[in-house]
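Using the sequences and the hints, build the whole thing.
Chain by chain, the residues:
Number of protein chains: 2
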Amino acid sequence: MGKLLIVGTVAFDAIETPFGKTDKILGGAATFIGLAASQFDIDSAIISVVGEDFPQKYLDILTDRNINISGLEIVKGGKTFFWKGKYHNDLNTRDTLTTDLNVLADFKPVVPEDYNDADVVMLGNLHPYVQLSVINQLKKRPKLIILDTMNFWMDNALDELMEVIEHIDVLTINDEEARQLTQEYSLVKAAQKIFKMGPNYVVIKKGEHGALLFHEEQIFFAPALPLEEVFDPTGAGDTFAGGFAGYLAASDDSSFENMKKAVIHGSNLASFSVEKFGTERMLKLNHKEIKERLRQFKKLTQFDIELQ
Amino acid sequence: MGKLLIVGTVAFDAIETPFGKTDKILGGAATFIGLAASQFDIDSAIISVVGEDFPQKYLDILTDRNINISGLEIVKGGKTFFWKGKYHNDLNTRDTLTTDLNVLADFKPVVPEDYNDADVVMLGNLHPYVQLSVINQLKKRPKLIILDTMNFWMDNALDELMEVIEHIDVLTINDEEARQLTQEYSLVKAAQKIFKMGPNYVVIKKGEHGALLFHEEQIFFAPALPLEEVFDPTGAGDTFAGGFAGYLAASDDSSFENMKKAVIHGSNLASFSVEKFGTERMLKLNHKEIKERLRQFKKLTQFDIELQ
Numbered sequence: 001m002g003k004l005l006i007v008g009t010v011a012f013d014a015i016e017t018p019f020g021k022t023d024k025i026l027g028g029a030a031t032f033i034g035l036a037a038s039q040f041d042i043d044s045a046i047i048s049v050v051g052e053d054f055p056q057k058y059l060d061i062l063t064d065r066n067i068n069i070s071g072l073e074i075v076k077g078g079k080t081f082f083w084k085g086k087y088h089n090d091l092n093t094r095d096t097l098t099t100d101l102n103v104l105a106d107f108k109p110v111v112p113e114d115y116n117d118a119d120v121v122m123l124g125n126l127h128p129y130v131q132l133s134v135i136n137q138l139k140k141r142p143k144l145i146i147l148d149t150m151n152f153w154m155d156n157a158l159d160e161l162m163e164v165i166e167h168i169d170v171l172t173i174n175d176e177e178a179r180q181l182t183q184e185y186s187l188v189k190a191a192q193k194i195f196k197m198g199p200n201y202v203v204i205k206k207g208e209h210g211a212l213l214f215h216e217e218q219i220f221f222a223p224a225l226p227l228e229e230v231f232d233p234t235g236a237g238d239t240f241a242g243g244f245a246g247y248l249a250a251s252d253d254s255s256f257e258n259m260k261k262a263v264i265h266g267s268n269l270a271s272f273s274v275e276k277f278g279t280e281r282m283l284k285l286n287h288k289e290i291k292e293r294l295r296q297f298k299k300l301t302q303f304d305i306e307l308q
Numbered sequence: 001m002g003k004l005l006i007v008g009t010v011a012f013d014a015i016e017t018p019f020g021k022t023d024k025i026l027g028g029a030a031t032f033i034g035l036a037a038s039q040f041d042i043d044s045a046i047i048s049v050v051g052e053d054f055p056q057k058y059l060d061i062l063t064d065r066n067i068n069i070s071g072l073e074i075v076k077g078g079k080t081f082f083w084k085g086k087y088h089n090d091l092n093t094r095d096t097l098t099t100d101l102n103v104l105a106d107f108k109p110v111v112p113e114d115y116n117d118a119d120v121v122m123l124g125n126l127h128p129y130v131q132l133s134v135i136n137q138l139k140k141r142p143k144l145i146i147l148d149t150m151n152f153w154m155d156n157a158l159d160e161l162m163e164v165i166e167h168i169d170v171l172t173i174n175d176e177e178a179r180q181l182t183q184e185y186s187l188v189k190a191a192q193k194i195f196k197m198g199p200n201y202v203v204i205k206k207g208e209h210g211a212l213l214f215h216e217e218q219i220f221f222a223p224a225l226p227l228e229e230v231f232d233p234t235g236a237g238d239t240f241a242g243g244f245a246g247y248l249a250a251s252d253d254s255s256f257e258n259m260k261k262a263v264i265h266g267s268n269l270a271s272f273s274v275e276k277f278g279t280e281r282m283l284k285l286n287h288k289e290i291k292e293r294l295r296q297f298k299k300l301t302q303f304d305i306e307l308q
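So the sequence lines, in the order shown, correspond to chains A and B. Just so you know, we're using my numbering here: the first sequence kicks off at 1 and counts up by one. Just so you know, we're using my numbering here: the second sequence kicks off at 1 and counts up by one.
Because the hints were derived from the structure by calculation, they are not lab data. Do not take every clue at face value.
Repeated chains share a single entry, so a pair holds when one copy, or any two copies, can fit it.
With a cut-off of at most 25 angstroms between alpha-carbon atoms, the simulated PhoX-like pairs for lysine-lysine come out as follows [to be verified]:
(1) 86 to 189
(2) 206 to 298
(3) 206 to 189
(4) 299 to 206
(5) 108 to 76
(6) 299 to 196
(7) 196 to 143
(8) 291 to 57
(9) 108 to 284
(10) 79 to 196
(11) 76 to 291
(12) 189 to 299
(13) 298 to 189
(14) 3 to 139
(15) 291 to 276
(16) 139 to 108
What follows is the structure, encoded as structure tokens:
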């Protein structure tokens, strides 16, 4: 059973969309990654930090899904990272209303001994300093290190981000961020520039427009499933990353063919995540639904053209 | 051999992109549609109008490709429709600088007798009044009537547009226009509303983000090929429509499975069109290149996931 080590935020989110709003609910990159990855037969652990205000029932959600939380530090008297955001009508853009780092501000990650030999490490969106610290604590080089990041770190910690990118195998990033990082408008050229920074694989996430996987001269494209209703996009990118990393940890195969499948699994799980607020849909997901939707993905994309 | 009747503009375009600019060159919806469709083994004709200023060499380009121009009226002393536009840096948006309707203003289309029994009719973007007039002149109901339109007609001739949409089988339209026409943000819901207006098939074009084909409860998605360089998007949508209609006229099969192939052929040809100014790339396209790129489309989208 593949070992997956996940680093990222565990947080409270308060979300407003055109369809409604929530109080503080369970959120954070590592949470979404962990929940998505838990759909696969793997041994996973989360490295993160929360405050004393973090409820036991949220911890139980993780442990109930066999996610190891020995690396999830609980700071006495501390408050959990809190993000509040409001989506615009098209759901493609949002305003951040509140970002209270709280215990995240001084977070020093500690890799549990049982997981410093992880097969796959998924570095969720977080300060590159934290991501790098995790890599440096590993006893052996994982088969795959996957990194997700965002424009905030390009603006505020570019040198450290570039240093961690040197050490990874797969970068997942959205289209605008890929353009910002490389100063290339063409995503094909952007991916080629990113290869020179370190990674062998680049996944460019385009939200409702799908995701592109680049490796050497090869490109694979997975659409997002066209949905009647998108309720809340929060965590869709992290759910994608969790499905991607979880599948790769379970299958132990880093070939391009297998990476393609990982992209499809990630897109598939993300299509569920957006149907309800926060983690709600992911917590009630069963294997039958997942398989049924994979079938839809096949129908959506597969065709047969004779090439005599 | 399937008969394809094409209606649309034949025009002069002057184009400015971040990569350069042109004087008046050959353009127009019917031109791009005709050139794309001529890649298939069909009998095609263009219904349109030009002025006396339209050069013989441009007419030769059409007839050299076996496109019948007996329905292409040449107005003595008249001037050809002229469009001038400038693309923004991202190539996704553009400003129209000049639109001189000229001979197009009083255009009364006449369907040549040899083509009033066409198998497929491709109504390119034009005043819905002209599109409707062509339908009314047909001796028998074609197997397929495909209509392309744009937001300009929704703003300025909505009643006539709705009337022509009642009579068609396939509507091709871009994502923003689909949303405007239906007042639905979800493209799935938009397509369902369009079905109620008349067509059985809806193709929603998303430019660099690909195209969606809807039919009853089925959805198919074709990505745009990720390109290193996009030089000039002018005519890409018409080239798509021409490839789509041309393939359907050649194959005489309106099943969903075959429509999927038509969408791929359309996307494939459009991927060439954007590589040079105007029609330049389409005029130097050979079958070997087309097949090679179809292979790339397959590689880009095909995957194998076991669904036990």
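Hint by hint, here is what the structure shows:
1. 86 to 189: between (33 angstroms within a copy, 24 angstroms between copies)
2. 206 to 298: Both: 19 angstroms inside a chain and 20 angstroms across chains, each within 25 angstroms.
3. 206 to 189: both (16 angstroms within a copy, 21 angstroms between copies)
4. 299 to 206: both (21 angstroms within a copy, 19 angstroms between copies)
5. 108 to 76: Cα proximity of residue 108 and residue 76: one copy only (15 angstroms, versus 81 angstroms across).
6. 299 to 196: between (36 angstroms within a copy, 24 angstroms between copies)
7. 196 to 143: So residue 196 and residue 143 pass the 25 angstroms test inside one copy only (20 angstroms; across, 53 angstroms).
8. 291 to 57: neither (29 angstroms within a copy, 57 angstroms between copies)
9. 108 to 284: neither (33 angstroms within a copy, 60 angstroms between copies)
10. 79 to 196: neither (40 angstroms within a copy, 53 angstroms between copies)
11. 76 to 291: neither (42 angstroms within a copy, 65 angstroms between copies)
12. 189 to 299: Cα proximity of residue 189 and residue 299: across copies only (19 angstroms, versus 30 angstroms in one copy).
13. 298 to 189: between (28 angstroms within a copy, 21 angstroms between copies)
14. 3 to 139: within (14 angstroms within a copy, 69 angstroms between copies)
15. 291 to 276: Result: close within a single copy only, 19 angstroms intra versus 43 angstroms inter.
16. 139 to 108: within (18 angstroms within a copy, 78 angstroms between copies)
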